[in-house]
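The lines below spell out each chain.
Number of protein chains: 2
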Amino acid sequence: MAEEAAVRAQAETVRRLKQDKADPDEIAKEVAKLLNMKAQLGADEGKQKFVLKTPKGTRDFGPKEMAIRERAFKAIISCFKRHGAEVIDTPVFELKETLTGKYGEDSKLIYDLKDQGGELLSLRYDLTVPFARYLAMNKINNIKRYHIAKVYRRDNPAMTRGRYREFYQCDFDIAGQFDPMIPDAECLKIVHEILTDLQLGDFVIKVNDRRILDGMFAVCGVPDSKFRTICSSVDKLDKVPWEEVRSEMVGEKGLSPEAADRIGEYVQLHGGLDLIERLLQDPKLSQNKLAKEGLGDMKLLFEYLTLFGITGKISFDLSLARGLDYYTGVIFEAVLLQQENEHVEEAVSVGSVAGGGRYDGLVGMFDPKGRKVPCVGVSIGIERIFSILEQRLEASEEKIRTTETQVLVASAQKKLLEERLKLISELWDAGIKAEMLYKKNPKLLNQLQYCEDTGIPLVAIVGEQELKDGVVKLRIVATREEVNVRRESLVEEIRIRTNQC
Amino acid sequence: MAEEAAVRAQAETVRRLKQDKADPDEIAKEVAKLLNMKAQLGADEGKQKFVLKTPKGTRDFGPKEMAIRERAFKAIISCFKRHGAEVIDTPVFELKETLTGKYGEDSKLIYDLKDQGGELLSLRYDLTVPFARYLAMNKINNIKRYHIAKVYRRDNPAMTRGRYREFYQCDFDIAGQFDPMIPDAECLKIVHEILTDLQLGDFVIKVNDRRILDGMFAVCGVPDSKFRTICSSVDKLDKVPWEEVRSEMVGEKGLSPEAADRIGEYVQLHGGLDLIERLLQDPKLSQNKLAKEGLGDMKLLFEYLTLFGITGKISFDLSLARGLDYYTGVIFEAVLLQQENEHVEEAVSVGSVAGGGRYDGLVGMFDPKGRKVPCVGVSIGIERIFSILEQRLEASEEKIRTTETQVLVASAQKKLLEERLKLISELWDAGIKAEMLYKKNPKLLNQLQYCEDTGIPLVAIVGEQELKDGVVKLRIVATREEVNVRRESLVEEIRIRTNQC
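Chains as they are written, first to last, in the numbering used here: chain V, 537 to 1037; chain A, 537 to 1037.
Next comes chain V alone, as it looks inside the complex (with noise of 0.2 Å):
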């Protein structure tokens, strides 16, 4: 305390230096000063204070939370089982060098544990890398599986737009050589479901592919060495104008203004199948084998969303680039394009709430003999639909509710704890969801006041006449109603009235 009251005498008299424009070598003696008794503060804080909190960029996810979570992963697993996925999961860390040299420039956000001998391991960064390191060691050539699972990355954390550094990733992949874009049809269609189901407001997914992007940059004059740095820069056209993504390309990068003035031209340009058949007839793209190959298929997907019925909400998009180095074909991004509620529009800013793409080149980096398998998935950014969930239930008048419990079981007077024990023992081998309150002679009001507090609809009565009639009171919270059940029929009773068949 002594040393606290010292550093705020201390601050006060640099204040006042600069406040008088005292001598500048005076003043940087006094900040020095300042500086180290801060300094020596901290140390002895670090070795007494025990500082309680979670880690960095984490969060516990309490009961409240944990209601809502559980309510987007119903949403999200009921889509992928109806699409016939099968589940697996793998270690939350992965030896180091499964992870190494698939990143890129993002691998310095792995998260690395400590060397206490033995194998060198990394948490996962995302579910994509372990399940083509599972693939090639389980020489798996074609599955369907969804991985619903927490991947850590060392990243500056926004909480309030819903970045952790420990989030979950809600992954859908189909691995298998099929006929082309079928399966790749079958992705979107399950981002259309689950965004749909969720009620998240209007959205749009925005749908390219790395190979029309690839000629694009070779018919506007982009050296071959510079695709994936350019690629990098388009990226970023959802965040910042064009202007400064141009300045960038021919400043930092090198480009020539000419090829960057042609890339300029072609990505602010997006639509459906007409826009398709339009570059299918461009002179320079058609002449670009890469183009050719990517605009076909995505002509043959649109026809395959349409069946599907889900074009109205996608956007062919040539400004979409995505950042990861694996994808080889079709990529994809959902975006978010207002806040249902105006009124959390300032608190909750989401944009990409999925993305995903072909990577056929993945598997075949682990495989000892290059043996490749095209894979094709969507990831479901799931802490950014949280926030979302979240903050909607906030502004609602609705009360969620964290237990299932159907009855309590009460009682009005004293010394019967023994009878309560006695009866909720029936009910939980029956089956009901029961709870009592740990008391020995609990209060009955302070008994219906937990189940209003915790929303329990039935309240189970035990009373010395009850007894003796071979009855218990069932009381149903919402209107206070009291009917005498007989206790055999009570297992059934509480059944019905809580529509449990």
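Incorrect hints may have been included.
Unchecked claim - Straight-line C-alpha distance at most 20 Å; calculated SDA-like pairs for lysine to any residue: (1) V/Lys-589 / A/Asp-903; (2) V/Lys-592 / A/Thr-636; (3) V/Lys-976 / A/Thr-842; (4) A/Lys-617 / V/Met-602.
Source of the hints: derived by calculation from the structure; they are not laboratory data.
Please build the complex by placing chain A on the supplied structure of chain V, with the hints as guidance.
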């Protein structure tokens, strides 16, 4: 390759020299040469070969293992919910100092993260310490919660016996100041319900109390300073005979032979209410305040367990000690008594499958003001249960399904991809779980075979005639029966036939 051949040749040389009983010095020389060559080869391999594996002590869960895992979780979660528990989740890592000083000797098994700047982190070692941290941090005075998540221990893995470095714990805890032994009894009821529900064969739940142990040590003449170390000797009694434990106490830990023999008499005792009554009359124990308190509570516990009707599986056992430091009252451990299926007896040797106890001081270790929150809880050791369920499934004829797909959308002729896509989209939108093969023109036989392989019960076949007639041919895979269903009734028909209400 050339090096490998040279190693093989050298190995053959060594083999012949040994066979011919050559001069031992010569043999030794050639063996050294062989080892050297092998080491060289290994080092070269290390440089070039990427090892395709999961980290030591971890494993992937494929679709089949996941199906088993989800069955076990379902039984456990439904029990936790039946008892009115909320659910929480915490980050996979904690600040290193959060875990410091909680696990005694076992602290060396904690996984630390590499210092990459910022906070020092460790992977969680159990779910109990994060729970206590959560309670202290959020100033929660009472909660009944469950938490199912992976924990991490740098232990020697024994994976065939279900011991991993990454493994699940399923924890249920009741925190709060309540009347004695009511929450404690509920924890035992929960273990009983889960083990019964999972049909793991016969089991016993051993119960003891840290206060009875400490009282017993005191009256046997163990010095206070030796309580914990003698306690950990007693903890070994489930694996080694008394004579060994005794010689450890006397030899290594310097206990007097008389004190050890007195302990020896107590720790062979186990029973029920009768034993509790007898010990309450024990001239020595009944004089010890702690033991008397513990025995009084044990009596109350058995009264409640009698009301729950589960004393048949409960054994008050004075040899039960439990490893962890933080227990302060009742402790318990559930042990499977034998394999249900004799054939797998050798393959899986399973001991303890659940354990827990009362820890009234742990939250106070985190609270800045030392505010105490009494807690009691149970942890289900699910990996061992997985092992048993997996073995049992393998031994049985049961074919486990890894998807829930209700219907395969198929075609009998070529050029019907568009019609299949249209139909499957209708089914998905109606909530039907449907798949199709990702081929333009799959053979009907292959489509039917896919259903046989994956257990899909129905096939919706589109053909030219059916399209004209506005019907779909629905085939029941099990019976090979085929019926024409009007397209507008198809969803309803599939629901009825797959019993989805």
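Are any of the numbered hints broken by this structure? If so, which, sorted upward? Structure breaks no hint.
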